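Undergrad: Here is what each chain is made of, one letter per residue.
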Amino acid sequence: MQDLLYFIQQLINGLTIGSTYALIAIGYTMVYGIIGMINFAHGEIYMIGAYTALIAITGLAALGIAWLPLVLIVALICAMIVSSSMGWAVERVAYRPVRGKHRLIPLISAIGMSIFLQNYVHLAQGSRNIGFPALIEGGFRFGAEDSFQTSITYMQITIFATTLVCMTILSLFISRSRIGRACRAVSQDLGMANLLGIDTNRIISATFVIGAALAAVAGLLLGMYYGSIDPLFGFIAGLKAFTAAVLGGIGSIPGAMLGGLILGVAESMTSGYLSGEYKDVVSFGLLILILLFKPTGLLGKPEVEKI
Amino acid sequence: MLVLEDVHTHYGKIEALHGVSVEVKKGEIVSLIGANGAGKTTLLMTVCGNPQATSGRVILQGRDITRDMTSNIMRSGIAIVPEGRRVFSGLTVEENLHMGGFFNTKSEIRKSQEHVYELFPRLKEREHQRAGTMSGGEQQMLAIGRALMSRPNMIILDEPSLGLAPLVIKQIFEIIGKLREEGITVFLVEQNAHQALNLADRGYVLETGRIRLHDTGKNLLANPDVQNAYLGG
Chain V
0 MQDLLYFIQQ LINGLTIGST YALIAIGYTM VYGIIGMINF AHGEIYMIGA
50 YTALIAITGL AALGIAWLPL VLIVALICAM IVSSSMGWAV ERVAYRPVRG
100 KHRLIPLISA IGMSIFLQNY VHLAQGSRNI GFPALIEGGF RFGAEDSFQT
150 SITYMQITIF ATTLVCMTIL SLFISRSRIG RACRAVSQDL GMANLLGIDT
200 NRIISATFVI GAALAAVAGL LLGMYYGSID PLFGFIAGLK AFTAAVLGGI
250 GSIPGAMLGG LILGVAESMT SGYLSGEYKD VVSFGLLILI LLFKPTGLLG
300 KPEVEKI
Chain Z
0 MLVLEDVHTH YGKIEALHGV SVEVKKGEIV SLIGANGAGK TTLLMTVCGN
50 PQATSGRVIL QGRDITRDMT SNIMRSGIAI VPEGRRVFSG LTVEENLHMG
100 GFFNTKSEIR KSQEHVYELF PRLKEREHQR AGTMSGGEQQ MLAIGRALMS
150 RPNMIILDEP SLGLAPLVIK QIFEIIGKLR EEGITVFLVE QNAHQALNLA
200 DRGYVLETGR IRLHDTGKNL LANPDVQNAY LGG
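Going line by line, the protein sequences match chains V and Z. Here the first sequence is numbered in numbering that gives the first Met the number 0, starting from 0 and rising by one per residue. Here the second sequence is numbered in numbering that gives the first Met the number 0, starting from 0 and rising by one per residue.
These are computed hints drawn from the structure, not numbers from a lab. Hints may contain errors.
As the list claims (entries may be wrong) - Each pair of labels, with its calculated beta carbon distance range:
| # | chain 1 | residue 1 | chain 2 | residue 2 | range |
| --- | --- | --- | --- | --- | --- |
| 1 | V | K100 | Z | R129 | 31 to 41 Å |
| 2 | V | P96 | Z | N103 | 42 to 52 Å |
| 3 | Z | L166 | V | V164 | 46 to 56 Å |
| 4 | V | I54 | Z | R121 | 54 to 64 Å |
| 5 | Z | L166 | V | G35 | 51 to 61 Å |
| 6 | V | D279 | Z | N103 | 28 to 38 Å |
In this text the structure is predicted, and so the values were computed from the model without any measurement. Beta carbons: idealized from backbone N, C-alpha and C, even for Gly.
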């Protein structure tokens, strides 16, 4: 019984963290699906989302506004607006001018953008980690008083629920809306979409904006969950989300969701049964294994060379 | 409707069109024939602005579009059925059609969709099927239907018969004839010279980036040079 409770606890922790990986991974996978590049600055967009949320929360506290739903919604909206603008600007400044050039050039540009944004936040906010107020406290406990208890915190429930809502909205948007349909069309044949009169640059911008907005949501959630942020906050999370995207099949949105959850669970199981120090070993080990044995990922389709 | 004046087009440093002049008048079917690599597709794509002409002028409905962006050109009453069909294989038939009418209102889309289904009843049967799972002929019908969705004044078709069964080719050419009856101007590129010239009011013969011959469809069919080179003697 105790063992089972312990296992369930790891599962809950894993799904919580995994769902946020999935949120970030969608940004990687959508951009890759449309223009075939890895946006390595995406982790920084997420980090900036977390910082913006923290600034908004601090600002509201200074104004004496403490009503939790209002604080969270304002922080969320601010984070999404700032991150989306950043995502849009990064594409305009660093990727669009080099689009269509050799594959390595946008990649290097992306890494440069990532380093730039990290250092910009270092300068603007300082290098030390800053405490992020745990706005949502408490939770449920299961199991006997005197032995191991499984707990689900309200924070974890918030993370689940928010992620679920975001994924549902995104899925509906992609499958039903006019712009979502255009996103799918552009990712299949950009040139043809252009021949139908569609301004493909706008669709590309839209994917950057959507990915960044989801990363900002993850930034707020994980900031609260971990309780502190620093300018390197986005680096590891970005790598993990990238791993999740590759695991699920880069270019596939359901793949990114699945990959994120699997990665999160794998990590928390490692921490729970082996040691927390091995969790990164396991995630990046998974990345290597998937690249060796199923490079298209779990839900990805084999890439067909377009003629 | 469409005029090309002394158009030169380059791919990188290689010149693919060496000063081509073509005119397509309103309501006509004009066929462009030529061997592989003659520059037929390049000519059509130059009209669409991708690549743009390096010199010369492209005039569509009285407006100089030589330097316009592809997305703007394709929104000004012209539509293309490209080589290889290029339907969005992961999208359903209906979604593909809606992409064709992207800039129209919902009621316009509904009307055009019904019209396309009248022309191609097969597409209605397959409305919710993914385009990639259909046969080549059905995909070609979809590509034509998608082009019609924007209610164009002029339609450009690049090798619509390529890789299709004779029966399907016959159907496609019948539809092209119907388009003229509806008042749509047609600019057709074909390797299938016989049928293309038969249907056409006028035709052009393109050879290695230059217009070699220009005449009515009938005269070209009777021309011994054309017969030797393109109609299998």
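Undergrad: Are the hints correct? Go through all of them and say.
TA: These are the hints, each one checked on the structure:
Separation of K100 (chain V) from R129 (chain Z) is about 33 Å and conforms to the stated range, judged on CB atoms against 31 to 41 Å. Hint check: P96 (chain V) to N103 (chain Z), Cβ distance near 33 Å, so the stated range 42 to 52 Å is violated. Between L166 (chain Z) and V164 (chain V) the beta carbons are some 52 Å apart, a value that agrees with the proposed interval 46 to 56 Å. In this structure the hint that I54 (chain V) and R121 (chain Z) lie 54 to 64 Å apart at CB holds, the actual value being about 58 Å.
The supplied range of 51 to 61 Å is broken by L166 (chain Z) and G35 (chain V), whose beta-carbon atoms lie about 39 Å from each other. Taking 28 to 38 Å as the suggested C-beta distance range, the pair D279 (chain V) and N103 (chain Z) does not conform, at roughly 52 Å.
Checked against the numbered hints given earlier, this structure breaks hints 2, 5, 6; the rest are met.
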